[in-house]
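A.B. asks: Residue numbers (our numbering), protein chains in the order written: chain W, 1298 to 1602; chain Z, 1298 to 1602; chain Y, 1298 to 1602.
It should be emphasised that the hints constitute simulated quantities derived from the structure, not laboratory data. A few of these clues could be false.
Repeated chains share a single entry, so a pair holds when one copy, or any two copies, can fit it.
Claimed, not checked - When the alpha-carbon atoms are kept at most 27 angstroms apart in a straight line, the in silico DSS-like pairs for lysine-lysine are as follows:
#, residue 1, residue 2
1, K1448, K1552
2, K1309, K1478
3, K1331, K1601
4, K1502, K1541
5, K1487, K1331
6, K1332, K1601
7, K1309, K1500
8, K1448, K1331
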Amino acid sequence: MGLPFTHLTSTKQLSRSDTDAILRVAQDMEGILKKGGCDLLRGKILGSLFYEPSTRTRLSFESAMQRLGGDIVTADGIQFSSLYKGESIEDTIVVASQYCDIIAMRHPEVGSADRAAAVSLVPFINAGDGPGQHPTQALLDLFTIQKECGKIDGLKVAMVGDLRFGRTVHSLSFLLGLYDKITLVFVSPKELTMPEKVITFCKEKGIAFSEERALDAALTADVLYMTRIQEERFTDHSEYERLKSVYTLKAAHLKGKRTVIMHPLPRVTEIATDVDALPNAAYFRQVRNGVPVRMALLAMLLGKL
Amino acid sequence: MGLPFTHLTSTKQLSRSDTDAILRVAQDMEGILKKGGCDLLRGKILGSLFYEPSTRTRLSFESAMQRLGGDIVTADGIQFSSLYKGESIEDTIVVASQYCDIIAMRHPEVGSADRAAAVSLVPFINAGDGPGQHPTQALLDLFTIQKECGKIDGLKVAMVGDLRFGRTVHSLSFLLGLYDKITLVFVSPKELTMPEKVITFCKEKGIAFSEERALDAALTADVLYMTRIQEERFTDHSEYERLKSVYTLKAAHLKGKRTVIMHPLPRVTEIATDVDALPNAAYFRQVRNGVPVRMALLAMLLGKL
Amino acid sequence: MGLPFTHLTSTKQLSRSDTDAILRVAQDMEGILKKGGCDLLRGKILGSLFYEPSTRTRLSFESAMQRLGGDIVTADGIQFSSLYKGESIEDTIVVASQYCDIIAMRHPEVGSADRAAAVSLVPFINAGDGPGQHPTQALLDLFTIQKECGKIDGLKVAMVGDLRFGRTVHSLSFLLGLYDKITLVFVSPKELTMPEKVITFCKEKGIAFSEERALDAALTADVLYMTRIQEERFTDHSEYERLKSVYTLKAAHLKGKRTVIMHPLPRVTEIATDVDALPNAAYFRQVRNGVPVRMALLAMLLGKL
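Looking at chain W on its own, in the form it has when it is part of the complex (with noise of 0.2 angstroms):
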């Protein structure tokens, strides 16, 4: 089961086929890891490029690369010496797809990753570009999604709290207008608004959708999707303290409802550690998820399937 593309830099460039594929193998991915990994990738090496630290999404690929049977090579945060001296990100990723079989890259700049796939000689894989995409975790996201409610299409999906710079919850959305009757709850603070090209796309895509201030209008939907509100975000701090406050999910919220709780990670305050006792509570298996829906893409780049 292939894809039909070399690179993955952006969920813009995903099918509904696409998705169907990857969620079907990142299951059998699971069944893989229950019986301990397998050999697949043997002899493979994932060259894991990571221009910022970002522990846990390099750990995650480097996992799955391995729980395959494939090797690693890393390149972590300052120690790019060549960066140093002047390189383009082009050749560095030439000189970088002599090493390896497949790159996963970090990178803070938006755009790196489709200037750096459109050199790569091998199959490259965006793992998060500045504010840009971040294709992997979107991924994970719609397959915990769907193990955790059994079904994508019909959802009801809330997400609260910094919607204007949370990558992760922009990139959900594309993914989600691939799937039939889709709600979407937009919830945030005034000045943290979902940006226009979300609300556009959701226009065109005929996405029923709603934009609120309060949690309470979260609360009722099938998935609440959390994110993190940034200090630095605000010119007024007391802004922040009410809005910060008003915004934590607590177990208190959720008595009696099946929400089923996200989080991308890491959380500071906006979910209780009371939640995390909860069977909805999600966000922990929504990080091992990672690893299927990781392993799936490095096999099926690599044209193991």
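Keeping the supplied structure of chain W fixed, place chains Z and Y upon it in accordance with the hints.
C.D. replies: Chains Z and Y alone, transformed into the frame defined by chain W:
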């Protein structure tokens, strides 16, 4: 051969039958090392989480895991991005648990290992929590004593240098308390004497001990465990200079003696390099012993023995 | 097929029969790479010790080791904690020797590689010691010349740019001295001419050479080895600006020429990107050649051939 616990955070949780079992398995692991390793942990992943750098401990764990056929995901030093965003250590560990089968963690704060072990979904090993515990170091010290002396019961062990802040000599003292007829000799400047908790422990256990000022008192022991005196512990710099040189062990001190010389390394000036060539200079063999001891712990905690 | 030494620290220890053997094995390794690697070094561990970051060299070594089925322990950049505590490089190497079967080390100080090799308990490869030696780079350069030109004897090789501080052109000159009827053309600004040690070497060996100022002098060579001119070498900034652009190689320079273009990378402006598409632009293939050359050295020094 299992252990009666899932996580190893402190030497205090170890009984004599635990240390007997660990040292016996470590000896078997030496045989495996001589044969070039094995596949016992093939498909297993060690999460090597070092919040502060400790290259030798990290490399020792990673080497041990790979000698058993296992894989590694590593997060090292300042590159724990989630830290910067205020994530709790508990969340970090639950997340890391999703990517691996066993965790070794180094962290600068006392007690961090117990907090981590309390939530870890996979076996957890404390690789040093600040001035707290470092149980794998104490076990490799014990393994070294047994290998060098052929036994542990009945030995006279001298500890020299900074006994106040030296984590390794505290842990080793507690472990030696499991053995019979141990005599301890504590040699230190008066500013850096063994803390009350160790003295009290010796009294309660009925361990014979003496506190000394002069290096000579240590030279007749079966084992001389040297530690580094750190300049920053002294208010009076001239006092540091005087003591530093008093506690410099030289080959001349050891003429005709078979005292086994140990040191947790790195050493600076406290052991002259002319000691290195003596057959009883055991400190580099001590480093090597860390690999089979950690192989034993990884295999036992993963239930593979 | 072995080598008459245990450690590789300098190109000066290499004879013609050594380079012949290494290049022959490197060619075999290319065949192994085409088949997806092998298990020759299964169970062996490379200690990859980079006291200063050099991502491409490190990744090249680590890729080479894994292509042969071996494993890696890595210590990179500032994370050498023991350094902070004043440990000697000799102690660090003896300790690292306990964790692996072969060491590749990069270090900022000239001579550090020889100090390390003198005490290492396992085979040791210098991966660059400051402005000193970088023998694996010189060997991959040699391998590239042989692959691109079909031979080395009788070639005319031009070196352009910073010949004074450019470690790679010194090492390559010494290696080319092992071959017959080599002609060297040294093109540089007068501030950055080839140092006396290389000039003397050429005279002693009877190697034909000329020193030039203009890029044109290099365009008729069989091989043009470009290096980067570093701004910080100049006291007069306008002088730097003038020379920098004089030595920018463009596709227009190479019209109708088959001169093989090499560069140790990273390049900044000294080779225009319009050169990249020319069939004789060999610098990215040169990078790729680092992998089979390092595979050859790892296998030969570990006595596996």
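A.B. asks: Failing hints, ascending?
C.D. replies: 4 and 5
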